[in-house]
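Go by the hints and put chain W onto chain L.
2 protein chains.
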Amino acid sequence: MPYIVPQKDMLFTLEHVANLSQVFAELNIDLDAETVAGVLDEAAKLNQDIVAPTNRTGDLQPSYLKDGKVITSPGFKEAFQAYTQGGWQGLSHPEEVGGQGLPKLLATACSEMLNSSNLSFALCTLLTDGAIEALLTAGSDEMKQQYIPRMISGEWTGSMNLTEPQAGSDLALVRSRAEPQADGSYKVFGTKIFITYGDHDLADNIVHLVLARTPTAPEGIKGISLFVVPKILVNADGSLGAPNDVACLSLEHKLGIKASPTAVLQFGDHGGATGYLVGEENRGLEYMFIMMNAARFSVGIQGLAVMETAYQMARDYAAERLQSRPVDGSAREAVAIIHHPDVKRMLLTMKATIEGCRAMSYYTAGLSDIAHHHADAATREAALAQYEFMVPLVKGFNTEQSVDITSVGVQIHGGMGFIEETGAAQFHRDSRILPIYEGTTAIQANDLIGRKTLRDGGAVALAFADQIDATAAELAGHDALKSMVQPLSDANHAYRNVVAHVLAHTKTNPNNVFAGSVLYLKLAGMLMAGWHSARAALAAQSLLSSGTDVAFLQGKIGTAQFYMQHVLPQTGALAKAILDGGEAVAGFDVALF
Amino acid sequence: MPYIVPQKDMLFTLEHVANLSQVFAELNIDLDAETVAGVLDEAAKLNQDIVAPTNRTGDLQPSYLKDGKVITSPGFKEAFQAYTQGGWQGLSHPEEVGGQGLPKLLATACSEMLNSSNLSFALCTLLTDGAIEALLTAGSDEMKQQYIPRMISGEWTGSMNLTEPQAGSDLALVRSRAEPQADGSYKVFGTKIFITYGDHDLADNIVHLVLARTPTAPEGIKGISLFVVPKILVNADGSLGAPNDVACLSLEHKLGIKASPTAVLQFGDHGGATGYLVGEENRGLEYMFIMMNAARFSVGIQGLAVMETAYQMARDYAAERLQSRPVDGSAREAVAIIHHPDVKRMLLTMKATIEGCRAMSYYTAGLSDIAHHHADAATREAALAQYEFMVPLVKGFNTEQSVDITSVGVQIHGGMGFIEETGAAQFHRDSRILPIYEGTTAIQANDLIGRKTLRDGGAVALAFADQIDATAAELAGHDALKSMVQPLSDANHAYRNVVAHVLAHTKTNPNNVFAGSVLYLKLAGMLMAGWHSARAALAAQSLLSSGTDVAFLQGKIGTAQFYMQHVLPQTGALAKAILDGGEAVAGFDVALF
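Residue numbers (my numbering), protein chains in the order written: chain L, 1 to 593; chain W, 594 to 1186.
Calculated directly from the structure, the hints in this document are not laboratory data. Keep in mind it's a predicted model, so treat the numbers as computed, not measured. Just to be clear, a hint being listed does not mean it is correct.
Examples of chain L residues toward chain W, derived with CB under 8 Å [to be verified]:
| no. | residue |
| --- | --- |
| 1 | Asp342 |
| 2 | Ala573 |
| 3 | Ala584 |
| 4 | Val585 |
All C-beta atoms in this analysis are idealised placements derived from N, C-alpha and C, irrespective of residue type, glycine included.
Bound-form chain L, shown alone:
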């Protein structure tokens, strides 16, 4: 079963949920519908034909370390060349550094395709995007010119070196150190672990961005600086010089994304790795956090992407596998299992979750475009606040769901799902890292509570609730949709209660509130995905009268209906656990575990 890009749903969601035409008009982006469809078409071809076929082989023949160098899986080099030569690495980066400057809305759909095709492969481009963002945020003009165009062209790639054995979620514990040299450079020393594409053979050089402490740095998070440490030193004329003092010690054996090399990198075992300070000293974490919203959003798209591929495989299997007569007695022979109610329920669970997450994610991408490119500062600021509120939800909710939904994909296959040759299990294994890296779900939830809910007194959180009430009111005006009103309103009510609880009690009883932090994230993400599913249903309902694409539009409405009836009620259970169950956690003595 080859992956087929769900272009129709992508285009529908871009236009009718993320309001693409309207956003582009406001931002004076001169891209008509045909151009947008054309870009998706080109991306679809590349991903379906060249990237997707590397997915299974990559899992069977993971990258490996040989004589200190990483050899990537078969087909990865060719795919990387096709990807970078087609200009896709620069899709959303500014034109002045060699990018194409396309809106994030469009880039997000392309990113979904790439990640559906091969999560392991896509990670190389994702990390390079991260390095580019970090340099754009804090690098000098010289750095930008020196590194970014070559990362966009695919000559070089980027890597992010944050984690150390004792410092994972808690970057305050970073111990790597950087000693200033007479020439203004630094010597960098330390061990970094879990470095995605920390070494590989896809490009001539790797631009490592490394967190480390200078000798005079204060303790804790306020003493961490960001350095660029190229794998191969770059001469003044831009040509490659001697190898830097960076060694790839080992690769991890992982549950999934096996083709993606996860390296232990040793900096400075032979006198010190040459590095260059990015931005100002001791502001490294701050730069990281700016960049991290983009990276976290991208991981959320990975969650969406892997669910889509798992769904397609499960759906196709269910349509072919004959087993058992229908429960309603409508046939005397075994039928395709897609007709059995529980298989339908499972497929709808997958489809409704995917479409809800896609709707929420694309809408969020549109907020980012407005936040970064609108002419009006107040509009930018408002959109930025909304975007930043949504990022932990896109990251946290999409990725948590991806683990469950790929598991449902396995279940639909029955015994075949447990056999690796089928491929369904790979998606589940691959997905399992998504709620962990770039900040675990708990870290996203802390961000949601601290920076995104408390800091503005719940203003953004509750403004969303008002918008959702408005959508509910709109639904009430359509006979075909009004059964959605109650579940959406109930979920929104639960959300309001939880936001009020967070605002009221975090200061006085933090242990109680944080016991429900991830539950709050799930509730909010579930609601947002449901809200945008409802908006999609409203759009579909009004398009139905045109008489075209009727089946597709009815599918959108039926899928949203399922989301309201089967998924949204869970918000009530989450709210109860948050509101009533904080003490059951906070009051439990850890000695009793």
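Here is chain W on its own, set in the frame of chain L:
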């Protein structure tokens, strides 16, 4: 981190939830508390010292096929010898065939230990138990004497050959055939897949039990017979003769339980495999179903068992891993993550689910003992009906939870959870087969609706609801427990509504009701586990006054409290989806997927 048998909780649950003393007294079983504890002690030693160390190695060095024979993982032979020589294979089988005739209550705790130690290894003994049960149910006296004592002694093992490529959940599609011979034996022909321990090197012979059709058999499920087909033919004097016509063609590459060989067996490619009819012709599926309740219960115990090991590993990691300061500002340095509210919540989710599932499972084992051994026929019959109602819940709920709970175990480890060396991922991979084999969750749910709820007009289902109301009333009498009343009563109310819905609408609108079949199973399982958790809390509360084991007893109460506040509210969401969401599934046109 070695697996430590949770003997204290096992003994507590046996005595105070499953009413061991009372059950033993009623059945005239002469085992005092010391003997029970002694058996658990012996089992714990064997499993901790000999079986558990084979778990990781088995995953790293799975069984493999060489020259048509399966070589098992290192240490498996030694473990199998120790297990069978210790008499553990015969623990619950009748004394007249060489077993020890111990009650299922006790055997269940021992089975949990074995499965916690190594799911892959335990499967060999589980399938042998199944074969023994099938022969006890339907075999001739001669067959019983010929095969069972040697399966109990470990000289031989058993295997169950049901599945064929076109016949998985739907055994009506079985095509293997058996041709009667002049001497009363049969020649068996066909391909069987997914045969657990279909070949191996742990014993001298394998007693394959095979479903096949005789030439005159009617179509469908009423034309399937059961045959015993030994791997090596047995001479009249009981010695081993020539190899039978059974070939192991290949082993599957699986997501988990890699050490357990899953074989494709070919019967009869060289003239026909010699087989012997078990019981009467065309009654094979009937015998299987009698046996299957035992096998399904055992898989439920596998679900419980793997959760326990995953929990122990996650708890120990959380107690050691230092990361981040506490959210309440109570320390200025990074603390062990077990102190962070979300990690506590995750650990409590694991612990509460495990203790609930253990309570429900052991209670069910006690029902089986009464059902099979009580002197009074009416008492036996009533207990059998309750036991059979519980089997799909123990199988379905425990195993569905095991996938989620082992995933939580991975999450607690953060990035380390994704690294295979850690071991947390193995539990998650291993668990993924549990809701699939011995009948998927949907098959369990069909059984719950059809045979277990509709057939008696909901009598057993609703009698449980009455017992739960009585427990709620008891909780109300204790200040420390009365906060549990509302969640338990709400969940019971949701359950009653769903049972009424199933009773009222299955005939008239089966598609609608079966769209919620798995949700009904989850709701009922969640409630039963909660009910027995509440009963455990009541017992703990009354024991508290004795002043011994106070921490343990408080842990029981706190854990049950968490179950009520965090887990049980999900029953409300499930009931809503069942009652309101049937049409969203039934009415969805499969062409729209």
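Q.
A closest beta-carbon separation below 8 Å is what the hint needs, so does L:Ala584 meet it against chain W?
A. Holds, because the Cβ-Cβ distance from L:Ala584 to chain W comes to roughly 4 Å (cut-off 8 Å).
Q. Does the nearest C-beta of chain W fall within a distance shorter than 8 Å of the C-beta of L:Asp342?
A. 4 Å, holds
Q | Evaluation of the interface hint that places L:Val585 against chain W, nearest CB under 8 Å | A | 5 Å, holds
Q. Does the interface hint hold: is L:Ala573 within less than 8 Å of chain W, judged Cβ to Cβ?
A. 4 Å, holds
Of the numbered hints listed earlier, not one is contradicted by the structure.
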